[in-house]
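Chains as they are written, first to last, in our numbering: chain A, -5 to 374; chain B, -5 to 374; chain C, -5 to 374; chain D, -5 to 374.
These are computed hints drawn from the structure, not numbers from a lab.
Don't take each hint at face value.
The following label-pair restraints were derived from C-beta to C-beta distances [what the hints assert, rightly or not]:
#1 A/N208 to C/R218: 19 to 29 Å
#2 C/S83 to B/A64: 48 to 58 Å
#3 A/A47 to C/L59: 43 to 53 Å
#4 B/G324 to C/L50: 30 to 40 Å
#5 D/S294 to C/L77: 56 to 66 Å
#6 A/S292 to D/A71: 51 to 61 Å
#7 C/A150 to D/P169: 14 to 24 Å
#8 D/G256 to C/A64: 38 to 48 Å
#9 B/R187 to A/S18: 24 to 34 Å
#10 A/D44 to D/E19: 48 to 58 Å
#11 D/A47 to A/Q222: 19 to 29 Å
#12 A/R121 to B/W137: 56 to 66 Å
#13 C/E74 to A/A207: 52 to 62 Å
The structure displayed is predicted, hence computed values, not measured ones.
C-beta atoms are modelled at their ideal positions from N, C-alpha and C, and glycine is treated no differently.
Number of protein chains: 4
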Amino acid sequence: MPDASPAKWHLAHSTWFFETFLLSEHLPGYKPLNPAFRNLFNSYYNAVGDRPARALRHVLSRPTLDEVHAYRAHVDAAMELLLARNLSSDVQDLVKLGMNHEQQHQELILTDVKHGLAANPLRPAYRERPDNGPSKLARAPAWQAFPEGLYSAGHAGGEFAFDNEGPRHTVFLVPFRLASRLVTNGEYIEFMRAGGYETAALWLSDGWDCVRANNWNAPLYWERRDGQWWHYTLDGMRPVRDEEPVCHVSYYEADAFARWAGARLATEFEWEAAAQVSAIEGNFMESEAFHPRVAPESASLSQMFGDVWEWTASAYLPYPGYQPAAGAVGEYNGKFMCNQMVLRGGSCSTPLSHIRRTYRNFFPPHARWQFMGIRLANGD
Amino acid sequence: MPDASPAKWHLAHSTWFFETFLLSEHLPGYKPLNPAFRNLFNSYYNAVGDRPARALRHVLSRPTLDEVHAYRAHVDAAMELLLARNLSSDVQDLVKLGMNHEQQHQELILTDVKHGLAANPLRPAYRERPDNGPSKLARAPAWQAFPEGLYSAGHAGGEFAFDNEGPRHTVFLVPFRLASRLVTNGEYIEFMRAGGYETAALWLSDGWDCVRANNWNAPLYWERRDGQWWHYTLDGMRPVRDEEPVCHVSYYEADAFARWAGARLATEFEWEAAAQVSAIEGNFMESEAFHPRVAPESASLSQMFGDVWEWTASAYLPYPGYQPAAGAVGEYNGKFMCNQMVLRGGSCSTPLSHIRRTYRNFFPPHARWQFMGIRLANGD
Amino acid sequence: MPDASPAKWHLAHSTWFFETFLLSEHLPGYKPLNPAFRNLFNSYYNAVGDRPARALRHVLSRPTLDEVHAYRAHVDAAMELLLARNLSSDVQDLVKLGMNHEQQHQELILTDVKHGLAANPLRPAYRERPDNGPSKLARAPAWQAFPEGLYSAGHAGGEFAFDNEGPRHTVFLVPFRLASRLVTNGEYIEFMRAGGYETAALWLSDGWDCVRANNWNAPLYWERRDGQWWHYTLDGMRPVRDEEPVCHVSYYEADAFARWAGARLATEFEWEAAAQVSAIEGNFMESEAFHPRVAPESASLSQMFGDVWEWTASAYLPYPGYQPAAGAVGEYNGKFMCNQMVLRGGSCSTPLSHIRRTYRNFFPPHARWQFMGIRLANGD
Amino acid sequence: MPDASPAKWHLAHSTWFFETFLLSEHLPGYKPLNPAFRNLFNSYYNAVGDRPARALRHVLSRPTLDEVHAYRAHVDAAMELLLARNLSSDVQDLVKLGMNHEQQHQELILTDVKHGLAANPLRPAYRERPDNGPSKLARAPAWQAFPEGLYSAGHAGGEFAFDNEGPRHTVFLVPFRLASRLVTNGEYIEFMRAGGYETAALWLSDGWDCVRANNWNAPLYWERRDGQWWHYTLDGMRPVRDEEPVCHVSYYEADAFARWAGARLATEFEWEAAAQVSAIEGNFMESEAFHPRVAPESASLSQMFGDVWEWTASAYLPYPGYQPAAGAVGEYNGKFMCNQMVLRGGSCSTPLSHIRRTYRNFFPPHARWQFMGIRLANGD
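Kindly generate the complete structure, drawing on both the sequences and the hints.
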C-alpha cells in the first residue's frame, strides 16, 4: 500500500521536520547527526531537495531502529537548546507546527500499523485485549435541524491552526439537518444486503469503477467467516458489531450509502456550523480504544468529535483569500487542494489536543485505511 | 486517447439517444432498425444495459458510415412522427434534452477530430483556409471589481437547462475582481520562459506529477519548430500568435499560471455573478473560426462567452437540493460529480444556442483536448 | 489489440517496403509520392528513422484509402521501371524479400480483420457463405515414429528463404513420434471439461498467470451460447465443430493440453525432419476457406502444411552461424530472437507459394490471434 | 523489486520446505509449530495451497525474527529425529533436495541483501573491508577451440542433481570457440563509450525496449561520480576496476555486448562441453569475497566456475525425455521452462558444493540483480 509507511519512517520523518525547519535554520552551530538524512527522510517537500521514492520507505533496513532513536535523541537535545532561547513568534509558530505535524504522524502510525498487520495472513493483533462483547443497540438517529442564514467558517487566527483552516469567512447556508449520530455497521450491512455494492445507480461514476476494479463488497478489513462478518481491529480479528459506527469506508461508499438511505453527506460548512454547539470531547487516541465506540443513547448531536473522521460532501479547496505559509512549509497543505475530499472531527486515533472545530483533514475519495465513517445529512 | 471518439460514433450515439429515450418509450409501434444498436451505441448509461468498452469505438468498422446514416434517417423519420403527436411536457423536455445532447456531441466531433488529426504525424488540416497573419496586440487586461454580498446562482427553471444547473440558490461572495479578458499566448509564453513548467512550487501536487509523467512543457498541440512555437489548428499547423487567447491547457496549467501571475482562478459563482452583466455573444461554432479570437480593445469585461471554456476554481459538485432527473437520463450529469472541475462560458466549438449563464461544463483537471483557457481573478 | 493493424496500414506498409528498400536505393531519379510516408509507414526498422507509435495506426484517418491506393499505383509503376532494368542478384533478392514480406502482410490482413470484426459486439461476418454443417468425425490420430540420428535442418540457400531459416546444419535427434493429424476441437473440449483451465499443475508458470490475468477458459473467439460453444469465423458466428482442428490457442494452451494428454509438442527440428516426407499441399489461403479443415481419414501424417500454424516446443533462436542480412533489412528477423516460440507449417491464411519446410514463424507464447493450433509429439 | 525477498523470509521459507515436504509427510506424529506457516511461507507451489502475494513478504512484520528462529529450531530438532530413522531412498532424495534448495536461498540472501542496501540512498555496506586497490590488468582473452561432433549433455543420475539437469542425451555441435576468460569492466566500458546503449542495431528488439523503458546506460549498481564509474558492492561503494569481470548485466546487455564485439554467447551445450576439461574450483561463496575476481594470467580456459553466472544463448527448455519429479516438488523447475535463459557455472555467492557441470540456472532476460556476467563465444 503506497500510502502507508513503517513506524520507523514516521519517527525519523517527524524528527527530520524539527531538524530541517527549526534546527538547521534557527539554532546557530547546529550540526546534523547525518547530513544524508536531509533527503532520506523528506516526504514531499520539493523545496528541500530530492527525496526518495515512496516505496523505498519499506526497504530501508538502514539506518536501523537504534540509529533512528539516536537521531531522535540528537534532535531532542538540540531542540531543548533551541527552546531555551528567546524565540521570535515565527519560530514559535514553527515549533507548534512541528508538534502538530508529529501528532499527525502519530495518528498515521496507528493506521499504518493496522494496515500492515491486516495484510498479514496471520492477522496478528497489535495488542491483545479482551473482547467485551456486544453493547446495547444504537437507537435510530434523530435529525438536528439548522436554519438558513449566514455562518462564519474557518479559523480566526490567534492560536495555532494549519494554514488551510483560514481565513475565517462568511458562508450562506440553506436549511439543513444532521443525523444525531454516526451510521452503524448494522445500517451499513442493510445497505450491503440490499445489493448496495451491485447497484450502479447508487454510485458516482468513478466510485462504481473503483468498486468493480477492486472487487469491493464490504468496508476495508471486513472478512466473511462462516456466514458472519468479521473485521480486523488493532486487537485482532473481531466479529462486526451492528451497533458500532461503520468505519474504513471510502468517500465513494459513504456517498453511495447516503444516496441509498435517501440522504446525503453534509458539506464541511454545514458540519462546522453544527459543531459550534458540540463540546470537543469523545473517543480519541487517549482512550486507547483505537476503535470507534457505540453512540450514547441520546437524540442530541453526538460523536461529532473522535470515533471516525466524517466524510463531507466538500472538495478540498482553498478558502477565499487563502495564502500558504512562506517557504518550504508552504507545501504543507495548499498543494494538495485538488482531487481530495474534506473530512471533519478527528477519530479514535487522533490526539484530543490536536483537533479543532475548524480542522480540515483531506483524502482522495478512494482512501479507506484511515478511521473514516459516515454521518448523514439532509435538506430541510 | 480514450476520451475522444470517432465522428461516426458521435453521430450514431446521438441518434441512439433519441431512439432509446424517446422512440422506444413514447412512439407506439416503433421498431428499431437494429435492436443490437441499443447496447452498441450506449455511452455510459448503466440503466440501459451492457455497453461496449470505450476503446472499441475506434475499431467499429461495422456498421459502416452508410449504415449509420440509414440509422439516422430511420430515427429522423420516426422522430417526425413523434413530434406530430400531442406530447406531454415530460416528453417535450426529453426532446429538448436530446437536442442539447446532440449539440454537445457536435462540439465533441470538432475537438475529437482535432485530436485525431493532430496525432497524425502528417498534421493534416481539417479544412484549408488562408492564414490572416497576426492581429493587433492585446492590451493589458483591466480588473473588473465585484462587491461582497449575497448573489443568486443556478438556473431558476422555466426554460430548458440541464439538471446540474439547479436549483437556483443563494451564495455569499467576498469581494473579487475578474480580468477583463482571457490570458493570451504571449502571456503564457512568458510563464514558460520563466521556467513555469520546471518550478514545482507553482503547481498543485497532482499537477506536478502530471507534468513530469507526461513531459508537458507547453499547451497541447504546441510544437517547437526552428525556435518558434507552432500549434495544430483545424486549419493545420500555424505559428502561435502572442495576442490570441491561450488554449488547450489543463486545470493544472491554468492554476499554475495563475499562481505565477500572482492571481487565482475565479470560482464558478464569481464567474456567474460577473456574467450577469455580459451579453451572451462571442466567437461560437457559428463563426466557423474553430479557434479562439483576439480580445477586443476595451477595458470592459469581454470574452465571457465563446472562444474558450474557462477553468474555474470550483470542483464539480451538486448544488444544495440537487436531484438528478428520474430514470436512466438521471445518469446524465449527477454521477460525474467527483474529481472534476467546472468550466464556464462555452467555446469556439460550442453552438451559440447551447450556452447559458448557468451552464456548467466539467472535466478532470488533466484534460486539455477541449478548447479550454484561462481568465484570472483576484481578491479585493 | 496492439498487435493487429488496419488493412489500409498493411497495404501502405508493404508498399513502403518496396519504396524504402528498392526504389529509393536502386531506381535512379525515383521521387517519392510523399516523403513523409517514409516515417509514417515504417513498422519497426530503427535504421530507417523515427516511426509512429503502433497505436497510431488505428487513428490514421489520413492519408485516406484513396490516397493509399494512389501511393500504391505510384510505387507499382516505379517497380515496373525497376524490374525492366538489369538488376544485380542482391537487388533481385530484395525484390523477392519485398514480395514475401507482402505475402506475410496479406496473411495478417485476414487475421487482423478477423480480430477487429470479432471484437465488434455485432460479430459481423467478413463474408457470408453457407454453413455446410458437420463433417465426418476425425478418427483417432496414429503415431508416426522417427528414429534417432543425425538430421539436417535449415535452408541450404539457392532459392529464396528468410535469413532466419539458415544456415543449414546438423542436429542430433532422439527417437520421437508425431501425431498423424492436428488436435481437434472435440479433443480440446475434453480438456476443458476435465478442468484444464482450472488445474495449475498442467500449466507453465507464466501460462497459469496469463490464464488467470485474462480469465481464459476457452480458445480465442469462442463464446458459450445456450450451453453450446460457438466461435467467430470470417463467415460469422458458427457452432464449434468437434471434428475440426482446434485453432486460436496460445503456446501456453498448446503446452498445457499436451501435458494433460500425456504428450508434448514437437521441437522445430523434429517437425522439420518429419516434414521431409510430406508434400507441401493443404488448406492454404488459396482455398479461400479461411478456416482449418477436418483431417483426412488416414493414419498417414497429414495436415503438416496449411490449416493452422503448429506451435513447437522450440524457442526462436538463431541457428549456428546465423548472420542477419546487411543493412536495415537485417532487422527483419534477427532482433526478435528472444521471448518467442517457433511455429511451423503455415495456415489457412498463408499463401501456398509462401511456405517452405524450413519456414520459421514465431510469436510470443501468449499470442492467439493467428491461426495457431496443436500437433502432439511424444518420445519413443 | 518484486524478485527480491527479505532474509527473514528466505530463512522461513527454506525451513518451510523441510517441514512441508519432509516432516509433514514422513515423520510420524510431527506437529507443526504453527499450521498457518504452511501457506504463509509457500513461495510458488500451487499444489500446496494458497500462498500470499509476493509483495507481502516485505511487510511481514510478524512472525518476528525471533519467532522465525524458533520455527527453525523446531524444524531442525524434528529433522534430527527424521534423519535418525531408516529412510527410503526417495526420502533421502528429498532431504538432499531440501539442502540444495536451502543453498539456493543462501545465494539469494546475498543478492537480495545487496539489492536492498543498494536501493538505500545511503548505500550502506553489508560489511566493511579494506579496498585492496587495483589488480594487475587482465590480458586479452585467448580463444579455446572445440571441434564439431557429438557430445553428451545433462546429468547421468546416480548422485544428486535437479530434475532439469537430465536426462543425459546426445547433442551435435558445430565447431566453436570460447573466450578463455570473462569479459571485464574495462571491455564493457569500451562498449559504453562506443555508444552501445544508444545503438539500436546492437540490441534484440525486446532488449532495446527494455533499455529505453528503464533508461539503462550501465550495469546495475553503477553510478557516475565526478567523471568516474563507481558501483555498489557488499563492501559499499567502490570504484569500478577495469580488470574485474563485468557483473550485474542482463541477457540483453550480454547479447548486445557480444554483437558489438563481433562475437556471440555460447549455447549451454557448448559451455557444458567445454566445462568437461575444467576443474570445479574458483571464487565461490566460501571465499567470502562476494565479488568477482580478476582472471588469472593464462591463456587457458579459466573462470568457468564461480565469479559470475554466465549468460548462455540457450532458452531454458526441457531436455528430451524430461519428466518433472512427482508431486508438489515437481513444480520446482519444470513449470518455469518458458521466457527464461540459461546461465551456467555459479558465482561468487554460490556455495562450491552446490555447483555441477550440468547445473542449469535460469532467469528472464531482463534480470540483473544476480551475479551475472559474460563470456564470449564464436564460430570456427
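Quick rundown of the hints versus the structure:
1. A/N208 and C/R218 have their C-beta atoms about 27 Å apart, which keeps the hinted 19 to 29 Å range intact.
2. Range check, C/S83 to B/A64: Cβ separation about 56 Å, and the 48 to 58 Å hint holds.
3. Checked against the hint of 43 to 53 Å, the pair A/A47 and C/L59 passes, with Cβ atoms roughly 48 Å apart.
4. Checked against the given bound of 30 to 40 Å, the beta carbons of B/G324 and C/L50, roughly 38 Å apart, stay inside it.
5. About 57 Å separates the C-beta atoms of D/S294 and C/L77, a value consistent with the hinted range of 56 to 66 Å.
6. Separation of A/S292 from D/A71 is about 60 Å and conforms to the stated range, judged on CB atoms against 51 to 61 Å.
7. At roughly 19 Å, the beta-carbon separation of C/A150 and D/P169 lies within the given 14 to 24 Å, and the hint holds.
8. Taking the beta carbon of each, D/G256 and C/A64 are about 45 Å apart, inside 38 to 48 Å as hinted.
9. The hint said 24 to 34 Å for the Cβ distance between B/R187 and A/S18, and at roughly 33 Å that hint holds.
10. Taken as a hint, the range 48 to 58 Å holds for the pair A/D44 and D/E19, whose Cβ atoms sit roughly 53 Å apart.
11. Taking 19 to 29 Å as the suggested C-beta distance range, the pair D/A47 and A/Q222 conforms, at roughly 26 Å.
12. Remark: the range hint 56 to 66 Å for A/R121 to B/W137 is upheld by a beta-carbon distance near 60 Å.
13. Between C/E74 and A/A207 the CB atoms are about 56 Å apart, so this pair conforms to the stated range of 52 to 62 Å.
Of the numbered hints listed earlier, not one is contradicted by the structure.
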